[in-house]
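Residue numbers (this note's numbering), protein chains in the order written: chain F, 1 to 354; chain X, 355 to 706; chain P, 707 to 1160.
Hints were generated in silico from the structure; no laboratory data involved. Take these hints with a grain of salt, some might be off.
[Stated by the list, open to error] Partial selection, computed: residues in chain F whose CB lies under 8 Å from chain X:
id, residue
1, Y19
2, K122
3, P165
4, T169
5, L172
6, S173
7, N177
8, N188
9, K190
10, I194
11, K320
12, Y321
Even glycine gets a Cβ: it sits at the ideal position worked out from N, Cα and C.
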Amino acid sequence: MKIKLIILIPLLLFLTGCYNYRELNDLGITTAIYIKKDKLYELTIEVLKTEKEDSKEGDMPKPVIFKSSGTTIQEALRNTILKSPKRLYAHHMQVLIIDENLAKEGISDILDLFFRDPESRKQFFVVVSKDDEILETDSNLTDTNSKSMYERIIANKNFLGNIVPVTFTNLLSKYLNPNIEIVLPSINIKDDEIVFNESAIFKKDKLIGYISNEDTIYLNLICGKIKDTVITSKDKNYITVEINEAKTKYKVEDNKIEIKLSLIGNISEINEQIDLINPNSINHIENIFEEEIKNNINNLIRKISDYDTDIFGFQDIFYKYNKNFNGLKNITINISVNMKLKYKGNGAYELYER
Amino acid sequence: MNYMKDKIDKLEFCSMVFMLIMSPFLGMGIYNLLKFSNNDAVISIFISYILNIIIFLIFKYIFDYKPKLDLNEKLNTLFKTKYIKISLALLFFINLTALSYNINSFIISQFLSETPIIFIVIILSILIIYINKKGIQIISRVSTFLALLSIILILIAIFGSYSTFDLTNILPILKDNIKSPLLGSFYTLTINSIYIFVLLIIPKENINNNQKLNKYIFITSSIVFLIFIAITTYTISVLGINLALMYHYPAYITMKEITIFGFIDKIENFIIIHWIFEMFITLSLIVYFISKLTNIKPIIIITFNILFHITIFTNSTKFNYLVTKYIPISSVLIIIIMLIISIKIKKSYKTL
Amino acid sequence: MVMYTKYIELLKRETNYNKDIIYREKNVRGKKIYIIFSESLTDGSSISEYIIKSLDEIKKDKKAIINDIYNFKVIEINTYDEIVEYINNGFTIILSKNYIFALETKNKSKRSIDIPKGENTIRGAKDAFTEDFQTNIYLIKKRIKNKNLWIKEYKVGNYTKTTVDILYINGKVDNKILKTINEKLENANIDGILNSGAIKSIIGESNINPMPTTITTERPDRVSKELLKGKIAIIVDNDPYVLIVPAFLNDFFKTTEDYSEKNINSSLTRILRYLSFYIALFTPALYIALITYNQEMLPTEFLVNFAMQRSTVPFPAFFEAFMMITCFEILRESDIRSSGFVGSSLSIVGALILGEAAVSAGIVSPIMIIVVALTAISSLPFSEYELVNGLRWYRILFMIGASTLGMIGIVYAFIYFIINLSATNLFGKPYLMPFVPTNFKSLKDSIIRINRKE
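Produce the entire structure from the sequences given, and follow the hints as far as they go.
Written out as structure tokens, the structure reads:
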């Protein structure tokens, strides 16, 4: 009996046949996918090259670009086998780029593949692109296009707050939530380089418009997603303030919401003639900023309520606190900004000619 | 049969309790919980924790009766016919197949998508038969070791998840009436806590230092429910309730968002190994229970289990449908049988 | 009244008139005394000085010999079997009509006490056991000077009749284990014991579990330390390695130096040893699983880097891993066995084969060399040879699991590993003693050290 077991078990292990055995060289490591739709879905896929080149060591190899098409995205992805023998492996994908026209028609058909696929992680960023041929631009750094985009989005999240960083999980979460609308960053090609310049706003799943980079900072301020940013005031000359901490608090009643922003920052650059030694002038600068931010936010809210989408998530907040919500145009929004400037760097005075 | 030489330590017993209650939660448990109680999942867990005390009291009552005998012999003294034994064995067998399909389909769908499920089932079954041959003492020792590893992995998961936390996703609480948390707590109770009755197969005398045993079991189940609350809170906060309802294994998807120190971030496959450990111990204990109760050899039980996989659970949709319909019924029947046993015990105290 | 002198004829016949056994006849005042000894086993000068010389000066009857003979050890015997036994042990037999005596004159040529070759420590005594069991007992007894250190002697082996000594401290030892060993050694039916390892199979060490259950050591300070903890030492004649029974898995990670350092330092060293144990077990299997089944666990840069390295290699990953590990094991084995003349140059050639040359020839990838080197280095901190061999078997098992099922295969093989280790019982006690039937008092001395006194 024991001998039978000893023979049977190793046979069984080898019979499992290594069905899932994948050599590293059989993988086509996808890092970015660009989706466009004419009548069929047309995909541009950036795949990292893993063959050893005889060129200098230590350089990242140039990626390979494939194009393929199909009636659904999964078909199009499989059709790349017609062009290259490697099966695509989407686990390390960093960026998903959606064409502007496709976004105008609705992005709901794109989402299902990546949602269901067990091999893909949902941590890649999603962006909207205004230009074609976005992945074919030559990046003159040693990084690939996708990696530079990915790192730029992360750096922006940490330091500038200009972009709304949306991973695929966030996108799905917002898409399924009926109370909040989607905002995605958008890119286009300028001077042979990829730049992020506006944010795309959606209603349900269709693209309806764009807001500028500066307005995106205020959008992030309302939603409480700023880590570190820089705000400039345009009163007389320019004063630039670096904000280290931004907290947002909501107070919700029926049809009325009060947003309290408290910002803590330092003065970075000042080109005006204000007597910096005097404590009153610090208060004066703070008041300038508070007024300006409040006005800009009110302008933004008015602009967005013309579009009639609730990208700020007010409906969601009202739902969570169990109060009535009658639409973005019919609620009263009170904004109060409280800014504290703690330090002014090394200089006690500002530089001016004496 | 004399089990007197099979001594089990108190800590090993508590580790088996831990494994038994913890294992169904990450699969069927949290899926059904979220489906039925939506946002009120945390309140459901609180309510089921309080209701769990009833199950614990029934367990304690049966456990304390004639501490030298195990469940098989206790039933022999209480009942003349064998119907109770056979029905208990059948009901636990149904639970065994559900759990086994749960863990195997998880392994296939996430890790090895092209291997037929029959191979994975057979290899796991060989391990279960092997450990059942060695006896309950070895099962308890392995369970202690694996429980220690599982706790370490769970702690890593909990402390790594805080970076993408958004606590406001849990609101609104109790939007509708109390009905949905109650329904959710019923499902949690019947899918998770029912397996503690498997441990009745060990006579109480076989446990060293069994004076404060009840206190320790209570503490262990409290720790497990705390972990449940942590996992559910994280799942709803990170994914949002609408997205969490969409997945088969929402707890696993939440783990994909863990980042530790900013650079270790792809460890969900490593941490989910603790669920495989817990399922292994649970399946081994249930097979041990059934084989001791009805004197059927473990290899026959496992063969029937594999047959179920091939014939009845043909795809995961059918599995979810059958589980939601029939597992709570079988669990309620198990509780009813245990109540019948306790009533019989009380009667036998009166006649003495 | 038996005439003892006829035993001489019997002896001559049974040993085929062996020239090695000398029969000296002394005729003193009409009484014949035979002096019988084996020349190779005895020390000639002590026979001449203490026996033959003294026999001239004393009277020849029984009482006088016991009283006056110069030799230090005198035993009176009366059967033929005892004559044969004592001659084979190097005693001299004085035989006359009505008495037989055996006197100890053992050959004194033995290896002197040397430094230990296999187990190195920075600090500590540098004497090691030798092949003579009397010297070994001396080395232990001079460290434990207590009347409770008891010794029991057995003679095991039908042809070799090797002396096997059991040492223990009465009062600290577990009597059940003692009884089991006693039974097994007395009823052993085996041709011969040539080294201490053969005792292991008699005592009942399981043949299926590849991990060792007895400690083999050549340091007397380690043996004394374990005796003080209540373990039993088995000394086998003609073998400088002493067995310590029972040995739990925890004991293989300790050295005697741990007790001469501060708690924190020795705890860190012990954690290092446990870590290297697990590294030696898991590294090749993890490499195979991460490269072929679970590529999602690697960061992207690693993935591209490994893919580039492996694109020039003709073999699949698991085959390459098995090949390199086999080469490494061959190298290790040949390093131990090869003699001084050919040894050093061959191991250099072997390392070269495994290193740069294989990579440049395009047979293996550089990352595989690192994996093999890591595995090799991690097997070095252990002084117990059997442990590393047992590790090897489990390492192969993990690699098979990783090649067929990836990470899940490693998990299942790990469960099998734990089941095997937990199911091993040494004389009724579990193998994973301080960890799994968790004994908090012994846990204080397992991975980290908390108490300084012991």
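Right, here's what the structure says about each hint:
1. Y19: holds (4 Å)
2. K122: Result: holds, 7 Å to nearest chain X Cβ.
3. P165: With a minimum Cβ separation of about 12 Å from chain X (threshold 8 Å), the hint on P165(F) is violated.
4. T169: Holds. Min distance 7 Å.
5. L172: For L172(F), the interface hint holds, since the closest Cβ of chain X sits about 5 Å away, which is under 8 Å.
6. S173: holds (4 Å)
7. N177: At about 5 Å, which falls below the 8 Å cut-off, the nearest Cβ of chain X leaves the hint on N177(F) intact, so it holds.
8. N188: Given a least distance of 29 Å, the restraint on N188(F) is violated.
9. K190: violated (32 Å)
10. I194: violated (25 Å)
11. K320: holds (4 Å)
12. Y321: holds (7 Å)
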